[in-house]
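Those sequence lines, one after another, are chains A and B.
Note that the numbering used here has the first sequence beginning at 463, numbered continuously upward.
Note that the numbering used here has the second sequence beginning at 13, numbered continuously upward.
No wet-lab data here; the hints were simulated from the structure.
Careful: at least some of the hints might be erroneous.
As the list claims (entries may be wrong) - With a straight-line cut-off of 27 Å between C-alpha atoms, the simulated DSS-like cross-links for lysine-lysine are: (1) B:189 / B:79; (2) A:513 / B:147; (3) B:71 / B:136; (4) B:167 / A:513; (5) B:189 / B:147; (6) B:178 / A:513; (7) A:535 / B:79; (8) A:513 / B:79.
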Amino acid sequence: MRNSLRVFRNSVVFLCTLFLLNGCSSPDNNKAKDETVKEKTSQTTDTVVLKQMQFIPAILNVKIGDTVVWINKDLVDHDITSDKDKAFYSDTLHVGKIWKMVVKDSAAYHCSIHPTMKGEIVVK
Amino acid sequence: MKFLKIFTKAAICVAVSTGFLSLSADAQKTTKLTDPEIASVAVTANQIDIDYAKIAEKKSQNADVIKFAQTMAKDHQSVIDQAVALVTKLGVTPKTNATTKSFLAGAAKTRAMLNSKKGNAFNKAYIDNEVAYHKAAINEVETVLIPDATNAELKSLLQSAVPLFKAHLAHAEMVQKQFSK
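Kindly generate the complete structure, drawing on both the sequences and the hints.
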């Protein structure tokens, strides 16, 4: 009698646990998945072309988490250097090469080889 | 007093008209450059600035001057490489001409002048020459080489070099400020 009561109690606990796990976790998991997809699709890749001794566009509006790609289509080598605190530096970007960076904050930048070349990333 | 005013006006008239006469005489002398001649002028002009840069890298102790000279050497070599690649592709052989010879003669005098100077006098002479040289080069490219070029790719290369030379000029003028105080 005691044994069958224990088996019955264990079965009830198991079934309740199963029900709770199924009932509670499934919609949340789906929601989380949806949010991940949304986040991924909302992050974009923006391009800055280095051409005729300019960053084009000179001012780029972005969101945090966006990727910015710089493409050197000029006659000579350049680099991308943050104006403040050495926050980022591309190293020499040779002609025809690209450099990518994920945006963390707004930043003004320049080419350290050609100091008249200036650009800006603005987080909106 | 009246005589002085008339004399001054006459002197200005003579100076201006002489200037125009010499300009028109130069213009009459100048015949249109061919593409092989333009290639020669372009390569020579870039090489001249590389040679000035090498002198600066050797003689200057000023960080801004050295950095500027290093940029000139790299950038002008890059332009030469692309010009050579283009003329090779087009089967054009650069042809020495009066403009090339004139550039080379001027460059020999400038190199001698630079080599005779030391310290800050050298820095000032080098950067002053870079400002003047880039102004003259931009003028030559915009008013002679681009209009005279017949091949579209050669014309395009010359056009894309203008913003580079203008950026060099602006950079040189930035460095020049510290020596004009």
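Taking the numbered hints from earlier one at a time, note which ones the structure violates and give those numbers from smallest to largest. The structure conflicts with no hint, since it agrees with every one listed earlier.
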